[in-house]
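Chemist: Here are the chains, one letter per residue:
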Amino acid sequence: MPEIKVTPLGAGQDVGRSCILVSIAGKNVMLDCGMHMGYNDDRRFPDFSYITQNGRLTDFLDCVIISHFHLDHCGALPYFSEMVGYDGPIYMTHPTKAICPILLEDYRKITVDKKGETNFFTSQMIKDCMKKVVAVHLHQTVQVDEELEIKAYYAGHVLGAAMFQIKVGCESVVYTGDYNMTPDRHLGAAWIDKCRPDLLISESTYATTIRDSKRCRERDFLKKVHETVERGGKVLIPVFALGRAQELCILLETFWERMNLKAPIYFSTGLTEKANHYYKLFITWTNQKIRKTFVQRNMFEFKHIKAFDRAFADNPGPMVVFATPGMLHAGQSLQIFRKWAGNEKNMVIMPGYCVQGTVGHKILSGQRKLEMEGRQILEVKMQVEYMSFSAHADAKGIMQLIRQAEPRNVLLVHGEAKKMEFLKQKIEQEFHVSCYMPANGETTTIFTNPSIPVDISLGLLKRETTIGLVPDVKKPKLMHGTLIMKDNSFRLVSPEQALKELGLAEHQLRFTCRVHIQDPRKEHETVLRVYNHLKGVLKDYSVQHLPDGSITVESILIQATAHSEDQGTKVLLVSWTYQDEELGSYLTSLLKKGLPQSTA
Amino acid sequence: MSRQQAWFIARARHRFAMTRECSLLLPHVCAALADPRQPGSDDTCLEKLLDWFRELTKFDPTVELVQNNPCLTEFITSVLALPEPSPSILSFTLRLAGILAASENRFQHLQQEKLLVRLFGRDGPLNSALWEDASVRSGWVEGVHSMMHHQPALHFLCDGGGIDVIFTLQGDPSLFVASAASQLLVHMLTFSVESEMTEPLSTKDCDWPACAQMIIKHIEDSLQSSSSSHIEQSLKLLTSLFGSCRATWTEVLWLGIAKQIESFLTEETVQVQHMLANLLLRIAWSPVFCDTKGSIWALVTSALEHLTPVQAGPLAVGILRIPECPQDVRIQALTVLLQPMDCILRAASQPLEYAGLLDESVSDPATVESLLSSKSSCVNLLCQTLAHLEKLLSLIRLPVDLPYMSLLRSLMTILQFCNGFLSPASPLGSTISRILINCFRVQRSALDVLAALSKQKGCDTLLGSLFDVLLAYLESPNTNPTVLKKTFQATSKWLVRLQELSCSNTQWQQTKKILEDVFLVLQKRLYSPCWEVRDSSLEFLTALINCLKDQDEFRQSLLSSEVPRLTENLLEDPESYVRASAVTAVGHLAFITCFAPESPAIGNQYNKENIVAKLQEILSTDPEGFPRRAVISIFTKWLRQGCTGQLEDTERFVSRVIQTVEHDLDWEVRLGGLELVEVFCSQTFRQLGHPKCTYAPLSSVVTSYINQNESLHVFCRAKVFSFLFQSLCDYDKPIGQRACDVLLGLRYTFYPVRTLKDSQGAEDSRAGPSIAWLQRTLRQGSMAQNFPTDGDNGVDFQDPESMLLALDIIDLEDLHDGLNKSSDHVEKSPQSLLQDILATVGTIEENEADCY
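One line per chain: the protein sequences are A and B, in this order.
Residues in the first sequence are numbered consecutively from 524, following our numbering.
Residues in the second sequence are numbered consecutively from 168, following our numbering.
Bear in mind the hints are in silico, worked out from the structure with no lab data behind them.
Keep in mind that this is a model prediction, so the values were computed, not measured.
Be a bit skeptical, because a hint or two may be false.
What the hints assert, rightly or not - Straight line, CA to CA, 20 angstroms or less: simulated EDC-like cross-link-like pairs of lysine to aspartate or glutamate:
#  : chain 1 : residue 1 : chain 2 : residue 2
1  : B       : Lys542    : A       : Glu672
2  : A       : Lys632    : B       : Glu791
3  : A       : Lys632    : B       : Glu829
4  : A       : Lys942    : B       : Glu791
5  : A       : Lys1045   : A       : Glu1029
6  : A       : Lys717    : B       : Glu877
7  : A       : Lys919    : A       : Glu902
8  : A       : Lys632    : B       : Asp210
9  : B       : Lys558    : A       : Asp582
10 : B       : Lys225    : A       : Asp564
11 : A       : Lys620    : B       : Glu742
To be verified - According to the in silico footprint, chain A covers these stretches of chain B (three or more CB under 8 angstroms from chain A):
#  : stretch
12 : 293 to 304
13 : 419 to 433
14 : 696 to 707
Glycine included, every Cβ here is placed at the ideal spot set by N, Cα and C.
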């Protein structure tokens, strides 16, 4: 029985580096190739040795698909393609391809910055990797090879994020990557058609949560920033160059405009200009509101947000500064933090995850006395706030997507085991489909029952229609024809057409049967009795008595001869084609019962 | 123990020591982790905690750690007492216990408390519902593996039935657990034999130690079972064993199973042939099979015969690399690798046109022919064969002579099948050509082999037709960007070969024609709408200039083409990667235009000033980092090659560059600037001579010394010092480190002999207020704000006297140490980790789900 196998190397019952292997109809696909930011040794990458043991990577894998530009989904890609040795095709959307190198460069900088870091990719490797990437459009069916095709659907979450349908023949898998079922300030909601895949692999970060509206969180954020600025304090927002930063910029820009605020907002990195450039370039990927207003006013051309110079940090008075990196572990954000931390009027807002060991992680966990370099103790008096703006589908959203796509099976990844377990039961109850949640390294096998589409020739269809078989979707009907398998497809055609197409000569296959009848009369008299008998019984059929003494009923031929040893026994030779098998069998059994006495 | 080892151990001990602070924090951490009411800790924290314990116990076998920190055993006890511990905490506990039990002393200590038996024994987690969780099984295997360093642990496991658990786990649904179980068995077998055997084994009387005996029996039983999965597990184990252990006893083990393994080659009921190649390869590589080498080679020969070509490929390429491989085996291995190539050649040829690669009597090509004529297997077989050939050709010393000419012809045939330029009449040929048309995978692999083949001699007569094939690929609009890149790589390698040849004979007409054709097609490619193609084209051009810039024909053909002009146009490409590659290409072009000894008379466009100005413009205005990084790297290259003119010109040039890059937002551009300064300094010293002063100068001597010291004046005028000192305070640490290195280099040159300073940071009496200010500022490191450039705060970075004094007075060694201590602010100390875990308790739930 055909089967689909799924093995997560990462994101199986965890929210770490996503990397999922799918085998479908003999094709092997890797979904995402992420890294774990929490480690700085080999543990940051998925363990690819499980793939390399199957021989050369490029021979084993048919393609790699990246769902979006976050590093936990694409961070290991240059390592995989340039250092582990995968040389095959890589697919992602156009915005992901454009933005991915920025994030990879950003992360490389942080990493090579660390002493003793080895086994990490270079700038040239990032470029070489990106050159292997084939960028795809939404809803464009891309033929990876003759059998394997993929198609991207809008996923919300971040600019360029996509869900991918992977299809081989009539078997298919949909991988959601990270997605968001409610539109946010700059992106729309995820959407997929009713594609009824054999398997839907869905993220489940918020598997048990019904998230409060993002609007509430945004209001809260604006309130906190506003209050701090009003009392003359400074607000530091450590961010990575791209993603969350743009969303928060739009938020503050509109708020500043509406409230007519004067306090300066600065953005500290050169990368952001490029990031904003991409948001402008891929305006079609943003939400409807941004697209509509784009002509009058481009959301990404900020009036209030200016470039930051390191000297500004000492300026008196309130200000808001977006600074990189996002975890307060190096560079400008840390430098500003150290300057402002001692003043209780100031505030730092952490909008994302922080790795253990970073200043960001420490202050988020409530530590207020930090040992900095040279054993200086930095006392943190400023307010510390955490705001989650991450855009994932919540439990409701996940159920909504399942309803939309109508999969035959569901597999959950990118979430915590306990929460997944809860959602799994809910899915199984509501949709009556099997739901799986393999751990990393565990293989889930799903048996599929593919329906095989068959084309029907127009000639055959017309012929069937003329004999009253009008096609009707609701009433399936039996149709006779010859099934031809040619050029990887199936067609039902008339036998004549099949012969013609395949260049074959027709052979008649006839069944014959001898029936013994006790009748002392002459042969022609027996034949006449048989004829009369059949004519009487088979009123709707054409029964003929031919001049040569034989009888035909449709294509069935009956001849009578005397038995060589017993003249009182007549032998009836009945022969029929396989098309008239039913009638032939019926006739034989009829004759075997003997002829009625009254038949003259 | 060597001194170096001792130093490493001392350093590791110091770094990971159980300090007083740590031992005070640890009980709280243990209590928090064992508390089921607390939300689970971040997995990375638990991993890092285990890393720390691994380091703590690595060089310390004593029981002190567990005795002095009873919270560790209490923690294990309390986790065991929990009715339903979380799988991650249970897994952590199993691994922790294993790490602690790695030394015999601590093992006994834990045994006395009956902790190990409760964790790893029959009544432990392995009989609970939690065993269903892969992380618990994985923790169990890892725990056992960690403790398996002494005999009591071995006996504990074997006597308690634990070994059967490991046998079962070999077939675990989790790949990770199954693989870890297999590795554990290898380790146990090796450890058992090596620690418990008193006398060497003889082949006749195999008296294995008890644990080894159990494992070997399990291997033998599995090999004889009818279950493919059991056989596969044992084959995996053996492959790993023979790969990692080179002890003589492995030969005894092998002799016991060799017959069985051999039978798998011909066995049709169990399909494990695909695993045999790897196993046989490991055995063939192992140096211990001296006495049985003959039978091993016979087995390898049989495997090469019986395995399918795809299965036999890795074995063939592997054994060809073994120096002592017998000639007949070598020939057979080569046959396996060359047969598909031979078939291709024969399929494409007219009868009797070419001899194939192989003598037909060597092997029967029927199998390979049937594989090549099937759509599903053809591409796979060819890609694998090509990959093996590339591997073979990339070896520095080829162990065999390959028929290079025929191989090249076969490669060309494949490439022509792929682009539809060849559709032979023979049935096999036409089938293969239909399968291969537009097949990128095969194209990529074939071009890789083609590039590798360029190193070999003996293909020269085919060069003309080879370039026809390559040019067809370069020209065709259907060529996929990745394939095009590989075509460029192969072309550049073969162009170098062509040039070598044309130097030695009279083929220059042909060379000229080929070069013209290449540049013609390159011109078109530089216009490509696809940035990947433009970028690969520019990289190709740079590679060509690098290799062939000394060749007249090359220079002439290049300069008479449109390529240089188009390359310059690409300096304004919308894609930053392309602009960067254009900068590099233009920089290299300059070597054969304006920097060439006999600059060709080709108009004003190659004027040195023009090019420098253009690149300067990019350095100061390009909005993206890649082109700016490329400019600074080209400038450094020019400087190294002495292309920037006389010292005076160079000084002006460097000064301009410094002023442009010192405020660059990209840290790598600033780092490039420092590299340029370093090259400049060493070149200046080379040209002007090193300073002669060998003593700490007294003021009267200083003046005359300074006056004499032209280099110092040059550096001051070029604003080198302000850039270097300012970089010391850069918030990107690698900049500070590099600047400090350069300054230290200068200091060593100006003050070759120095008296050591006694107190760190004490102000020198000679330091005026400005240098004292500089000293103080530098101590603040990246916190220093508004670092002065010339004029502010009284530091005159262009004053030779001040700078010489600054070099002497400022404690650069101390700064260097400080900067090198950590280049980021991620705290890695165990104390910080413990604090973080403790602080996170109760706060993590809100934040953890937010992965992005």
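Chemist: All hints, please: hold or fail.
Modeler: Each hint tested on the structure:
Between Lys542 of chain B and Glu672 of chain A, the direct Cα distance comes to roughly 18 angstroms. Compliance with the 20 angstroms bound is thereby established for this hinted pair. Of the pairs offered as hints, the one joining Lys632 of chain A and Glu791 of chain B holds, with about 15 angstroms between alpha carbons and a cut-off of 20 angstroms not exceeded. Between Lys632 of chain A and Glu829 of chain B, the direct Cα distance comes to roughly 18 angstroms. Compliance with the 20 angstroms bound is thereby established for this hinted pair. The suggested pairing of Lys942 of chain A with Glu791 of chain B is violated, with an alpha-carbon distance near 43 angstroms, which exceeds 20 angstroms.
Of the supplied pair hints, the one linking Lys1045 of chain A and Glu1029 of chain A is violated, its CA atoms being roughly 38 angstroms apart against a limit of 20 angstroms. Proximity of Lys717 of chain A to Glu877 of chain B is assessed by CA-CA distance (about 79 angstroms); at most 20 angstroms being required, the pair is judged violated. With a C-alpha separation of about 43 angstroms, the suggested pair Lys919 of chain A and Glu902 of chain A falls outside the 20 angstroms cut-off, and the hint is violated. Distance check on the hinted pair: Lys632 of chain A and Asp210 of chain B sit about 25 angstroms apart at the alpha-carbon level, beyond 20 angstroms; violated.
Annotation: proposed proximity of Lys558 of chain B to Asp582 of chain A holds, straight-line Cα distance about 15 angstroms (limit 20 angstroms). Note on Lys225 of chain B and Asp564 of chain A: the hinted pairing holds, with a Cα-Cα distance of about 19 angstroms set against a maximum of 20 angstroms. The suggested pairing of Lys620 of chain A with Glu742 of chain B holds, with an alpha-carbon distance near 13 angstroms, which does not exceed 20 angstroms. A stretch counts as covered by a chain when three or more of its residues have a beta carbon under 8 angstroms from one of that chain; for the stretch 293 to 304 of chain B and chain A the count is 3, and the coverage holds.
Taking a C-beta to C-beta cut-off of 8 angstroms, the stretch 419 to 433 of chain B contributes 0 residues in contact with chain A, too few for the three needed, and the coverage statement is violated. Under the rule that three or more residues need a Cβ within less than 8 angstroms of chain A, the assignment of the stretch 696 to 707 of chain B holds, with 3 such residues.
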